[in-house]
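Visitor: Each chain is listed here by its residues.
Protein chains: 6
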Amino acid sequence: MRPSGRAPDEMRAIAIETGFTKHAEGSVLIGFGDTKVLVTASIEERVPPFLRGKGSGWVTGEYSMLPRATHTRGSREAAKGKQSGRTQEIQRLIGRSLRSVTNLEKLGERQITLDCDVIQADGGTRTASISGAWVALRLAVNKLLAEGAIKEDPIEAKIAAISCGIFEGTPVLDLDYAEDSNADADANFVLIEGGRIAEVQATAEGATYDEEGLLRLLRLAQIGCNQIFTAQEAATQ
Amino acid sequence: MRPSGRAPDEMRAIAIETGFTKHAEGSVLIGFGDTKVLVTASIEERVPPFLRGKGSGWVTGEYSMLPRATHTRGSREAAKGKQSGRTQEIQRLIGRSLRSVTNLEKLGERQITLDCDVIQADGGTRTASISGAWVALRLAVNKLLAEGAIKEDPIEAKIAAISCGIFEGTPVLDLDYAEDSNADADANFVLIEGGRIAEVQATAEGATYDEEGLLRLLRLAQIGCNQIFTAQEAATQ
Amino acid sequence: MRPSGRAPDEMRAIAIETGFTKHAEGSVLIGFGDTKVLVTASIEERVPPFLRGKGSGWVTGEYSMLPRATHTRGSREAAKGKQSGRTQEIQRLIGRSLRSVTNLEKLGERQITLDCDVIQADGGTRTASISGAWVALRLAVNKLLAEGAIKEDPIEAKIAAISCGIFEGTPVLDLDYAEDSNADADANFVLIEGGRIAEVQATAEGATYDEEGLLRLLRLAQIGCNQIFTAQEAATQ
Amino acid sequence: MRPSGRAPDEMRAIAIETGFTKHAEGSVLIGFGDTKVLVTASIEERVPPFLRGKGSGWVTGEYSMLPRATHTRGSREAAKGKQSGRTQEIQRLIGRSLRSVTNLEKLGERQITLDCDVIQADGGTRTASISGAWVALRLAVNKLLAEGAIKEDPIEAKIAAISCGIFEGTPVLDLDYAEDSNADADANFVLIEGGRIAEVQATAEGATYDEEGLLRLLRLAQIGCNQIFTAQEAATQ
Amino acid sequence: MRPSGRAPDEMRAIAIETGFTKHAEGSVLIGFGDTKVLVTASIEERVPPFLRGKGSGWVTGEYSMLPRATHTRGSREAAKGKQSGRTQEIQRLIGRSLRSVTNLEKLGERQITLDCDVIQADGGTRTASISGAWVALRLAVNKLLAEGAIKEDPIEAKIAAISCGIFEGTPVLDLDYAEDSNADADANFVLIEGGRIAEVQATAEGATYDEEGLLRLLRLAQIGCNQIFTAQEAATQ
Amino acid sequence: MRPSGRAPDEMRAIAIETGFTKHAEGSVLIGFGDTKVLVTASIEERVPPFLRGKGSGWVTGEYSMLPRATHTRGSREAAKGKQSGRTQEIQRLIGRSLRSVTNLEKLGERQITLDCDVIQADGGTRTASISGAWVALRLAVNKLLAEGAIKEDPIEAKIAAISCGIFEGTPVLDLDYAEDSNADADANFVLIEGGRIAEVQATAEGATYDEEGLLRLLRLAQIGCNQIFTAQEAATQ
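Protein chains in written order, with UniProt numbering: chain A, 1 to 237; chain B, 1 to 237; chain C, 1 to 237; chain D, 1 to 237; chain E, 1 to 237; chain F, 1 to 237.
One or more hints might be untrue.
Said to hold, decoys possible - The calculated lysine-lysine pairs, modelled on DSBU-like cross-linking and capped at a C-alpha distance of 30 Å, are:
1) 143(F) x 54(F)
2) 80(F) x 80(B)
3) 22(C) x 54(F)
4) 22(D) x 80(B)
5) 82(F) x 80(C)
6) 82(D) x 22(D)
As the list claims (entries may be wrong) - One-sided excerpt, in silico: chain B residues whose CB lies under 8 Å from chain A:
7) 18
8) 34
9) 40
10) 42
11) 54
12) 56
13) 60
14) 64
15) 67
16) 70
17) 78
18) 79
19) 83
20) 117
Since the hints were made in silico from the structure, they are not lab data.
Heads up, the beta-carbon is just placed ideally off N, CA and C, and yes, glycines get one too.
Whenever a hint applies, use it, and build me the whole structure from the sequences.
Guide: Okay, here's the thing in structure tokens:
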């Protein structure tokens, strides 16, 4: 029995509110239940040094938790003077995921930064960030297309992410904090429309699992991501 | 004529939404027009080293802008590895202001941290932060009183802050970004209920002003803070 | 055809030299072909603050590349003043992997640090590090058992890691640098004796793959890890 | 009664010794009683990036305390690896103040840095720094004029700073350390010749004050700054 | 011919002014010609962690150049966020030198920090620092003896330092900046009263030298240090 | 009697293994007894900013200890975020020493970095580093000569380093850790073929010594360096 009473393959409510802030080219408040992340897409007419003059754009991600997004207050990384290993790991994952569905040549020599700031955390902040980042990227790219700054759509497919895990022996979809902190295994899947895999990060904590277990988690993730794709479609119509 | 069409002594709409996030002991989304700041109050049962064992509590503030709160994206301070001088100056001001209306002995040996994270900026982020921080502090202290953790209310009065300036020769109240970036003089006032002054930070930019000019700005600030006190009262009833 | 001429399921030569340095409680030079990593295990009679007084030990990993382990010289992280996101990600993976086969209560209140320093890099440095770290940990724990400092063996199973990927359309085992920099998909598997999975980190680069593709990579990894388990056994007899 | 026996509107002795060191384009040892600050003005033929090619110069300030300028030794900021919020706040104030009386276009594309190093502290180090910085700036600009590097004098007026406060209920001028650490309110005024205000930074500590109190402090500051203007004039004749 | 016209074995004027600042337990402004260093000795009733409870004291040194002590302005180390290798090397030398003539047991569990801040530089700042540090240490220890805080004098001998070098083929004593920047070889000697050596740091720059050359420099250093011992004696009578 | 049973003027076994790693232009594992340092020489076709366009090359050194090179584990400098003063001092010494035997104009506008990573420490790591760095530099320069990238050999002579000290009253050559930690005086000599001195760094620890003592240590160093020159010659034939 899940703490929330959800069925094993039941996601939390997905809420996507576009236009949450006004300055960014794309702005989204995404909620997976009580997890809420503000994602903005910022377009800058420059690329990192290693891409200058090569006719290719760049998509990158940054991630942060507000200090009191969590049950107990965490120190501000700016005050500590460095980003934790966890933060950097998530940032790299966000950028890699969004780039895997973007044609960087079609984007032209510009950079889009996806800032994911967790307003409230209840498990799954990285998967909500990636799923929301796609919406913010879509909105920003729509703006470039509408202005005629780019001719062809550089976004090749939708991408979404979800966590799955083995909780009290049962594979379950979309772990919340109560489950996440007690799961026997925990996996984040980043999936692309059409059944393709962009990333798998699966970790056994305490217990371990086998090939069969990995497949079960992957299939739950496909159920969840299909629901996110639908919500992304609705939010960007 | 002000860019917004406001009268010289007219504030922007004040919006205070309590309970915006669920984990913090106090949580407020405060808006001064398009400026929006999320303020949380976090209670921790410990004090800084210099206060240990002295029977006194502590109130402190932290401040940050989300990278795309502004017209163009700013670098994340956590990524740069240090907080700017401006950030530190504002943090010190927030803490000092809230401590000036708190009886730290009555608070007991605990610390309340007021995290002010600017979601969207349009001028006046530090004054909205201080004004919202009082509400978050009030909510957190109410919780301590309700739980019986403290006996007497340590909050002695309301406190609020507002910016004033001289724009195209006219003293005006509550500068927005369009005014702030072109003002001849810019002053932040932190005022306490009953006509008392906690802080004045007045700077001439380009032009200068005299005693008479300072007084006019102070009187505008009193008009503005009285409206904020009313909104704070309404939000915490 | 692989650049090295290896068959798709053929690993590079595994070389494990124990006792490479004399001060550490466990010291191993592990080679996967031209990739060479010096791993030392250091026992310290203290645990991190969050474990003090709880009767549990800790196993952690650190990772670094010598500046000229690679084709072109990389800057020294100590000179830059911080560890990269990649370094931190690998360190966290090493620690998590080794802890997944260690009973921390049986270890007692002491910490074992596994330092993995890459002497020469040719792809697969993190998987060689994890595989070598198990040997260094085994040697250090043997020393504790021999001295009577602990009664029961805290190591529950062997653990090993290997990378697999899709190179020119073919799933291949144990990517070297020439393959790694051109692979369509790249996955690191951390496996435990007996067919169990500790970690999967699979990334599509450029291309994507599906459930079938993931399974093929996993099966290659099982072939590779079984050979590493045999080499670990031989090195610690 | 003031600890020093001074009258409420009585400043400490002002001592300005020019040419204290030989390399700088302007060099001043300024004393407000026992507070002694060495200020040097350094001319560099370059401007910060945001001003390049715009035909405008820049004036900036830096501030530091020698470790044993104070009663008890303070840690060296260079050893701690960062400047405190207080230091940055003072540095920003010094630069802003001096720029408010300098025509940056007339200065041409060059930067003048005012380094204020506190040799001995007894209250009022920031106000002595600003007052001495004007003298150092004057000497450096005189040198540029004498060499024909600039044609018109970019300095438009004298500027000086002084602290005032409410000590045991009485408004007093030029707080020394004994007063500063016990004052009910503390204000720093930066004033320009002719009765104009450049900056006001007034803080209530413990107590608060009202409009009347603020005016009294401002009037004391005018008395003090007039004496500093006279000393600045004498030192630069 | 030396740029200054001095004879090869002629030192610059040595000036030692005690009591230059008032808070420190020992305070000295030492000049070797135009090189001027302010040295303060600060007594703290605590020792570094590695000495706690061992009945031994500690003597340490810190060193810094004011930004415009030199011909062209140098960046402030506090602003850059770290001390240079040169600064750390000099600090370690100052501490080691002073400890070599101090009986740390007789000092008791307290630390004396010798802060050497270069006000004006013209070559030989580290040797002036060490020579002045002995005077500041002597004054601080005299205070401890006068107060009865310690019974026996922990200072066992005088110590002084001087630079020598080979300038245009001739060994010369006490290099100034004009010589230092063109010397063929440069050596710093730290000598103890009675002909003993505490430290030699000799470097060939461009040229090299042999055993004979090293001895000549050492003999010049003995001449110079004898004069410094006399000046130290006079200053502390 | 020395702990190792060696005669006072007896060095430990010198072992030089070239080609230890494959990517670097020069790669050497040098051993002085149980002290083992991996030195690589990396050629980069760029020079530091201060040399750009001046027709001169640069030779520099970096130094690090692996965390468990020593008896007890030391913290990784990359994790602490800065290099210690000791590390920087040694790095500066390595670079200065190698540059003293290199004609930088003949090297052309390129930089050679000598990375010295201590694999195992038993005293004398800096002297082994310098002695090994010459071999790595020689190999890298041979490569440039063979490729025709430079015409004339920029290396003017061999250079080697050795430590000497006074142990239980006797001057001894090539201190190992057991001696180094108990020596009365400790000196590092960097000598050039033909009896010339590049650097002397001699420190009295506890005891002091005189002119006679310094000469005795220098003569031992000459004996040691002559043996190192022979080993360098053999390794680079």
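Visitor: For every hint, state whether the structure bears it out.
Guide: How the hints compare with the structure:
1. Of the pairs offered as hints, the one joining residue 143(F) and residue 54(F) holds, with about 23 Å between alpha carbons and a cut-off of 30 Å not exceeded.
2. Of the supplied pair hints, the one linking residue 80(F) and residue 80(B) holds, its CA atoms being roughly 17 Å apart against a limit of 30 Å.
3. With a C-alpha separation of about 47 Å, the suggested pairing of residue 22(C) with residue 54(F) is violated against the 30 Å cut-off.
4. Under the criterion of a C-alpha separation no larger than 30 Å, the hint pairing residue 22(D) with residue 80(B) is inconsistent with the structure, at around 37 Å.
5. Restraint check for residue 82(F) and residue 80(C): satisfied, since their Cα atoms lie roughly 8 Å apart, inside the 30 Å limit.
6. About 29 Å separates the Cα atoms of residue 82(D) and residue 22(D), which keeps this hinted pair within 30 Å; it holds.
7. Interface hint at residue 18(B): violated, since its Cβ lies 14 Å from the closest Cβ of chain A, which is beyond the 8 Å cut-off.
8. Hint on residue 34(B) holds. Least Cβ distance to chain A is approximately 7 Å, under the 8 Å limit.
9. Contact between residue 40(B) and chain A, as hinted, is supported at the beta carbon level, the nearest pair being about 4 Å apart and thus within 8 Å.
10. Because the beta carbon of residue 42(B) sits about 4 Å from the nearest beta carbon in chain A, less than 8 Å, this interface hint is met.
11. At its closest, the beta carbon of residue 54(B) sits 22 Å from a beta carbon of chain A; the interface hint therefore is violated under the 8 Å criterion.
12. For residue 56(B), the interface hint is violated, the least distance from its beta-carbon to any beta-carbon of chain A being 20 Å, above 8 Å.
13. Hint status for residue 60(B): violated, given a least beta-carbon distance of 11 Å to chain A, over 8 Å.
14. Nearest Cβ of chain A to the Cβ of residue 64(B): about 6 Å, under the 8 Å cut. The hint holds.
15. At its closest, the beta carbon of residue 67(B) sits 5 Å from a beta carbon of chain A; the interface hint therefore holds under the 8 Å criterion.
16. Evaluation of the residue 70(B) hint against chain A yields a held restraint, the C-beta minimum of about 6 Å falling below 8 Å.
17. For residue 78(B), the suggested interface contact is upheld, since its CB lies about 4 Å from the closest CB of chain A, less than 8 Å.
18. Hint status for residue 79(B): holds, given a least beta-carbon distance of 6 Å to chain A, under 8 Å.
19. A cut of 8 Å between beta carbons decides the hint on residue 83(B): the least distance to chain A is about 5 Å, and the hint holds.
20. For residue 117(B), the shortest C-beta to C-beta distance to chain A is roughly 5 Å, which falls under 8 Å, so the interface hint holds.
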